[in-house]
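Trainee: Using the hints, build the complex out of the two chains.
What follows is the residue order along each chain.
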Amino acid sequence: MLEGASLCRPLEDVSDEEVMAVDHAPSKRMKHSHETAADSTIFEKLGLPIQKALTKSYTFFSPLPEASTDEYVLGVDEAGRGPVLGPMVYATCFCKESYYAQLSTLGFADSKQLNEDQRDRLFAVIQQDDVRESSGWSIRCISPQDISQCMLRRSKYNLNSLAHDATIQLIRDALDRGINLKRVFIDTVGPPVSYQKKLEGLFPGIQITVAKKADSLYPIVSAASICAKVTRDAHLSRWVFAEAKLQNNMSNVYGSGYPGDPNTIRWLKESLDQVFGYPGIIRFSWSTCARILLEQAVAVVWADDEDAPNNASLVKYFAQAKASSAAAAGSDNPARPRSKFFGHRRPINISVSL
Amino acid sequence: MQATSLPPLTASKRDVINFSGSGELQTIDCLNLLPCAIKYDGAAKSDTYFLPAKQSDDTYEASFRGRQLFGCKIALPSSYVGHVIIDTTVQSNTHDSAFELEFSEESAVEYRELLSVSSFGALTVWEHDRVPPADDDEFISSLEWIDVAASIHADCSSENSS
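Top to bottom, those sequences are chains A and B. Residue numbers 18 to 371, in this note's numbering, belong to the letters of the first sequence in order. Residue numbers 591 to 752, in this note's numbering, belong to the letters of the second sequence in order.
Isolated chain B, as found in the complex (with noise of 0.2 Å):
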């Protein structure tokens, strides 16, 4: 079977989401985010293969595809909920369009209307090899951004600026 190589379902400003889908949003505390990437959008078996042990409080670990991995569960900023969204633009003509972020003239589409079916406030990120959270890691640096951008806009009229 030859993978095809979908790119990851990314928002972009034209696209509309709607968050409250059609009643509460189920939360699911069950998200990994694993150090690879996985070139497949579908169902899987992790229940069945991915079998994470817990090591130590937040700390738990897991093989996949071989390769031990070491994961961390992370909170969201205090202030933020993450959504799992999936695309339920109707008007595409084949299946790859719907991924069809640039603006054709022989798309029909011009936005995808993004739907939220469930809410997290949690994740475990997953590194190969080391325990996370690595001072590199990329994910956890932007949650870490969050607060840094909130520092830095945040009102600071009793201070001098220098």
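This is chain A alone, in the form it adopts within the complex (with noise of 0.2 Å):
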């Protein structure tokens, strides 16, 4: 087993997103059970924050086989990428090279073209005691609101770059935990060659293989969406409000999630507050959301704005209304330009008689 020391960074290697890593020693590992990832106690049995409002970032490991020097093989894919509301997962599902052949044939196929019950099958399957001693698997599950503020900042974070450090950061946990990885294969929506070569000057001495539809052609991508898909289903269909004066007061007919989705667009439609916008499950950096805030919400004019007035006009929104007489002119003589103490948010001197 795993000396625990090794499976836990320290504190302050630690981001400040909440990282769970899940040591269990072999008398604790989970029994083989039929519950399929649709009942919720498959998730609390492994530790997943299911039950939480899921506000920040957290990664995820399920319990790891010994620890030896069998080389490994891993694959990585996503889940919720494209989607308006929820997490975006990345998981990468793990196995010794020795056992690849037999989890091939446990019926990992194209994610894509399996139904969710298929899926909930095949993700119970990965929990069993005899696929566990030669593999595991691990999310980084990142949170509406984190992927809403990263694409927000003031210096932009694109979702590629969201993505990638995701993928980045659970390679490099798999290794800080052991995992001998040896070969590692990687779904991608973006351009696969550039990606991989990203991949390969960070990762040296691993065969990386980035490809589009990964999950169909390799049984432990496939295996990695599965965790991915079955992960972001688990907290979209409980979700838990942030805003816990929603939770039974919002409608959780969501749709598919997807912009095109005509049922999702009405709820982003009939849940919108004008100003607040909507609770954290919605992912404010999507144009969807960012037109309909336009189009129907009250406005709200941020400093960086692309289209925001130029300066001069948000200094003349908050400033004091200008008298039409010269003296006030004058005293705004931009030849002289003012201390920094009567920016824009300036006081201004009014005589009261008491």
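There's no promise every hint is true.
Okay, the calculated bits of chain B under chain A, using three or more residues with CB under 8 Å as the criterion [to be verified]:
hint, segment
1, 621–629
2, 649–662
Derived SDA-like pairs: lysine to any residue, alpha-carbon spacing no greater than 25 Å straight-line [said to hold, decoys possible]:
hint, chain 1, residue 1, chain 2, residue 2
3, B, 644, A, 67
4, B, 635, A, 266
5, A, 129, A, 273
6, B, 629, A, 289
7, A, 262, B, 644
8, A, 286, A, 70
9, A, 69, B, 635
10, B, 629, A, 305
11, B, 663, A, 320
I should point out that these hints are in silico values taken from the structure, not numbers from a laboratory. C-beta atoms are modelled at their ideal positions from N, C-alpha and C, and glycine is treated no differently.
Mentor: Listed below in structure tokens is the structure:
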């Protein structure tokens, strides 16, 4: 059994997101269960935070096989990149090279061709003791709030970067836990060649294959895809609102969550709050949302908005209303720039008779 | 819905502000100054959607329209009190004219009557993507101005001016 110290990094190495490293001693390994992933207890037994509001991203590792020098193959895939709501989940599944042939017979196919029941069943298979002896999996669950906040930063952090960084972190975490990776297969939506070069540079000594539709080519990627999808569905179907007052008042009939789905659009229009827009389940950085907010919610202007009026107008918006007298104009003589104390939120001297 | 742009209610020399109110002013401690312009005046479901999380002693984190905000509680200078003021002018003909500060021959309003409805001694100032107080935050600077002005105008007869 791997020593606890090598599984958990020191706290200062952990980023501000929650990292959940599950370290099970052999006696605590999950018993073989016929439960499907649709049953929430499978997630609770694993230790996934399904019952808490998902505001911050987290990383989760399944219990690991016993330590060895065995070489491993690892697959990476994601779920929930396109939808306008819910988390985006990156997942890995890894197994011993000696076990790969056997794993490939368990029924992993192109995950998009599997229905929900088939995915749930395969996810349960992955948790079985005999499978777990030679394999493991992990996820990086990126909360919708983090997606919004990253993409709306003053220095923008786009979705591709989020995706790449999640993948890189998961691979690093596996290596840190002593998984001796020899081959890694990654599904991509962007150009495979440049991404593969980037990863080869980061992980020398590992044979990296980046391919589109990798989940239909490599069973280990399909297994990862199932872990990603099942986790995302688990969060979404039992969504816990950080906005507690909405929990019983907001419809959870989102449709597919994709921007092209009329049911999703209808939910977005019906659930709109004039001032706040939406709860944190929604990815505000999606143009779908931005458009609805623009058309139907009150206007909110940020300093860095492309649509914001230029600086002079913004100052005018906050500034004291200009009296038409020349005296006021004179005090704003632009030839002499005002001290920083008199910026747009400046104090105004008014006399008050008591 | 077309959001109409309303200028903020800023007082001018022609307004009459009633600070005494009808009784004791209620002190509020939940004032938030956001780093954006919300072009709307009215009720908002802040307690439903705005969920500041305390990070450290005086630092908070929140989210607004998907943007990450960091806030810190700023106390007003000790000899000052903050007031929340509303417009109670009754002679306005239309809603818009209540904000008409230009003296116009058509407007019957020569001044507005403003009423203080609550007071505060501190507020939370929020920044987008950076932790306040930021060096160039003009609101906090304007509070600092109060101290600077006091120093500038202080009696310095005991010092030689040069």
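Trainee: Work down the list of hints and note, for each, if the structure agrees.
Mentor: Hints, verified against the model:
| no. | hint | in the structure |
| --- | --- | --- |
| 1 | 621–629 | holds (count 5) |
| 2 | 649–662 | holds (count 6) |
| 3 | 644/B <-> 67/A | holds, 23 Å |
| 4 | 635/B <-> 266/A | holds, 14 Å |
| 5 | 129/A <-> 273/A | holds, 14 Å |
| 6 | 629/B <-> 289/A | holds, 17 Å |
| 7 | 262/A <-> 644/B | holds, 20 Å |
| 8 | 286/A <-> 70/A | holds, 23 Å |
| 9 | 69/A <-> 635/B | holds, 23 Å |
| 10 | 629/B <-> 305/A | holds, 21 Å |
| 11 | 663/B <-> 320/A | holds, 21 Å |
The structure fails none of the hints (numbered hints given earlier).
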